[in-house]
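Participant: Here's the letter readout for the chains.
Number of protein chains: 2
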Amino acid sequence: MTNDFTVTSLERDLGVALQARLDGRTKPPGSLGKLEALALQVGLIQQTITPQLRHPRMVVFAGDHGAANAGVSAFPQAVTAQMVANFLAGGAAINVLSRQAGLAMSVIDAGVASPCKVPASSEVEFIDAKVAHGTANFIEEAAMSASQCEATMATGAELVCKWHLGGCNAIGFGEMGIGNTASASLITHALADAPLAEVVGRGTGLDDAGLARKRELLGKAAARVAGRSLSPLDVLAEFGGFEIAMMTGAYLAAAQSRMLIVVDGFITNAALLVAHAIEPAVLDYCVFAHCSAEPGHRRQMSYLGVQPLLELDLRLGEGTGAALVFPLIRSALALMNEMAGFADAGVSGKIGDVG
Amino acid sequence: MTNDFTVTSLERDLGVALQARLDGRTKPPGSLGKLEALALQVGLIQQTITPQLRHPRMVVFAGDHGAANAGVSAFPQAVTAQMVANFLAGGAAINVLSRQAGLAMSVIDAGVASPCKVPASSEVEFIDAKVAHGTANFIEEAAMSASQCEATMATGAELVCKWHLGGCNAIGFGEMGIGNTASASLITHALADAPLAEVVGRGTGLDDAGLARKRELLGKAAARVAGRSLSPLDVLAEFGGFEIAMMTGAYLAAAQSRMLIVVDGFITNAALLVAHAIEPAVLDYCVFAHCSAEPGHRRQMSYLGVQPLLELDLRLGEGTGAALVFPLIRSALALMNEMAGFADAGVSGKIGDVG
Chain A
4 MTNDFTVTSL ERDLGVALQA RLDGRTKPPG SLGKLEALAL QVGLIQQTIT PQLRHPRMVV
64 FAGDHGAANA GVSAFPQAVT AQMVANFLAG GAAINVLSRQ AGLAMSVIDA GVASPCKVPA
124 SSEVEFIDAK VAHGTANFIE EAAMSASQCE ATMATGAELV CKWHLGGCNA IGFGEMGIGN
184 TASASLITHA LADAPLAEVV GRGTGLDDAG LARKRELLGK AAARVAGRSL SPLDVLAEFG
244 GFEIAMMTGA YLAAAQSRML IVVDGFITNA ALLVAHAIEP AVLDYCVFAH CSAEPGHRRQ
304 MSYLGVQPLL ELDLRLGEGT GAALVFPLIR SALALMNEMA GFADAGVSGK IGDVG
Chain B
4 MTNDFTVTSL ERDLGVALQA RLDGRTKPPG SLGKLEALAL QVGLIQQTIT PQLRHPRMVV
64 FAGDHGAANA GVSAFPQAVT AQMVANFLAG GAAINVLSRQ AGLAMSVIDA GVASPCKVPA
124 SSEVEFIDAK VAHGTANFIE EAAMSASQCE ATMATGAELV CKWHLGGCNA IGFGEMGIGN
184 TASASLITHA LADAPLAEVV GRGTGLDDAG LARKRELLGK AAARVAGRSL SPLDVLAEFG
244 GFEIAMMTGA YLAAAQSRML IVVDGFITNA ALLVAHAIEP AVLDYCVFAH CSAEPGHRRQ
304 MSYLGVQPLL ELDLRLGEGT GAALVFPLIR SALALMNEMA GFADAGVSGK IGDVG
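Protein chains in written order, with my numbering: chain A, 4 to 358; chain B, 4 to 358.
Keep in mind that a hint or two might mislead.
Which copy is meant is left open, so a pair is good if it fits within one copy or across any two.
[Said to hold, decoys possible] The calculated DMTMM-like cross-link candidates involving lysine to aspartate or glutamate, where the alpha carbons are at most 20 Å apart (straight line), are: (1) 120 x 153; (2) 165 x 153; (3) 133 x 14; (4) 165 x 7; (5) 37 x 282; (6) 353 x 16; (7) 223 x 7; (8) 37 x 314; (9) 223 x 131; (10) 133 x 161; (11) 120 x 347; (12) 353 x 26; (13) 353 x 211; (14) 37 x 7; (15) 120 x 16; (16) 133 x 16; (17) 353 x 210; (18) 223 x 201; (19) 223 x 314; (20) 120 x 26.
Hints were generated in silico from the structure; no laboratory data involved.
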């Protein structure tokens, strides 16, 4: 598999009818701002003037990074598996926000280093898709082999197809992996035309000394491939995590299945950079939830030419920003579908307008 | 009544316990950004480490402006009553967004020029508190008398006390009144130290010629009081609408009752400027929902030294921005109340941290 995916750009013909429907609601044209753009985008994705979210789902991919043990994170690697257990017990931030937003939730072990404790029952779907017990240390060698990378992407795509067949038409991706901001920084450096120094941040809470050490280690990793011409898949195999590679396949399959995709923070955007480099039209299906406090995130969005909906200084990951945006999307669609028209409501238009 | 209200600043002692509770949840400290600040603020308002929204309500004050017939709006004055009917029929944007956010909704006729058609049954509470059939034309004379202004504020305060006694601890205010951005511009000019030209905008959709005419008319209105020293209540009586005056009293009563107040757009912020000039501590109880496309709104917030949560280019009014923020507030409180702690979840802290 070099590229099994075909993502087509959105056909825009229906845009006229969608805009007319929005303009016919009892409000001045355009006065609902970005919510109108959201409703229009979902209408184009679903090719209907009555777009709706069906069985929306939050999917958290978890994986460990060999580089974590080299000192790129403030937290020990064991936290990845501990947080998976927390997800399955319903106690993490993404659980709370998914419940609030009415999202079903899945957690995927894409490559957690230690075994994941799975409770007898959980509100959260757990899928064991472990490729290996963490990646190799990308500071010294490629994080994964090319064939591992392709198989991991294919698994992500298959999972999305399963949910899509089950009726899901809107999906958000989150991640858990100690050390994965380091991986995201290297991918962003390679694919978003960004100096490494500008896209390395504090992750979940490094102090100044920790940040300096992270910068030095990632400089070594980048130098390891200097001079080689890397394809997007090469970049993913060199620096990715299994959770990032699986998410990359998931993005491509979701866009190919014409699902609405809600994009979260820095790490999920790194996976999107890879998907975008393979099939640029994937962006047409994406809503960008927020801009996080991690400095590379803004750089990614400026490279992709996209704007975030929220700016709440989040820096947690897990898909939390994406979950927070689902109520806004629901509201945008409800406005389109439930508001009265001028004539039905007996409301006059502008002075001087006919009708 | 020159000032029957006493609003006390928030006692901050509980802040330490609230922050400790947030920091004990399974996430890096501070990683939920502005949501943590929100949860902390509501905790301080309610003086509890388990803050909750109870019977949250959206209240839309409607009133007409004598100046509307002079040409300050793109819409005819009849639209105010028509939109009140639309609110009561459930077809307006604020109805849709209040339903989405789980808010009870009230519509108050504070001074609509024409009779409001009230249906036999409605999901929306309607209150007839009409002071008069619209204000006088503030371009030529004071919009209302001092005694009308005080009585209108008192009515707004009484309504809030009624809902508060019914168990409501969080409230958002919206407005409907053709011409009321003009009123808000004059109030903002008078109370927020702002040049008139910078706080006059297109309202619900004036073209360039309409905007020029609005500027000229509002210049005349401002010139009418030039040289006089106006108290906040004088400003409200000179340039306010009945919906704005009633909302001013409502703000003060809500803060005095220790309710969380969600502040919407340009017009609702103009009422807040008056309330703030009377009792500055009212700000402690306010969350600022969004920054609208009306230019004076940013100026108001910079004068008050506050930041909006959302920037969605809304310019509809009705309370729509405030309604959109309630799900974020609910999420912030749910994170505080429902997330697991590190010890309970068996999740490790930072490398080097004790415990």
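Participant: State for each hint whether it applies.
Facilitator: Structure-based check of all given hints:
no.	hint	in the structure
1	120 x 153	neither (27 Å within a copy, 65 Å between copies)
2	165 x 153	within (19 Å within a copy, 63 Å between copies)
3	133 x 14	neither (37 Å within a copy, 51 Å between copies)
4	165 x 7	within (17 Å within a copy, 63 Å between copies)
5	37 x 282	neither (26 Å within a copy, 35 Å between copies)
6	353 x 16	neither (28 Å within a copy, 52 Å between copies)
7	223 x 7	neither (33 Å within a copy, 68 Å between copies)
8	37 x 314	both (14 Å within a copy, 9 Å between copies)
9	223 x 131	neither (33 Å within a copy, 72 Å between copies)
10	133 x 161	within (14 Å within a copy, 62 Å between copies)
11	120 x 347	between (57 Å within a copy, 15 Å between copies)
12	353 x 26	within (12 Å within a copy, 52 Å between copies)
13	353 x 211	between (58 Å within a copy, 15 Å between copies)
14	37 x 7	neither (34 Å within a copy, 41 Å between copies)
15	120 x 16	neither (49 Å within a copy, 40 Å between copies)
16	133 x 16	neither (43 Å within a copy, 48 Å between copies)
17	353 x 210	between (57 Å within a copy, 11 Å between copies)
18	223 x 201	within (16 Å within a copy, 53 Å between copies)
19	223 x 314	neither (32 Å within a copy, 40 Å between copies)
20	120 x 26	neither (52 Å within a copy, 25 Å between copies)
Going through the hint list in order, the structure does not satisfy hints 1, 3, 5, 6, 7, 9, 14, 15, 16, 19, 20.
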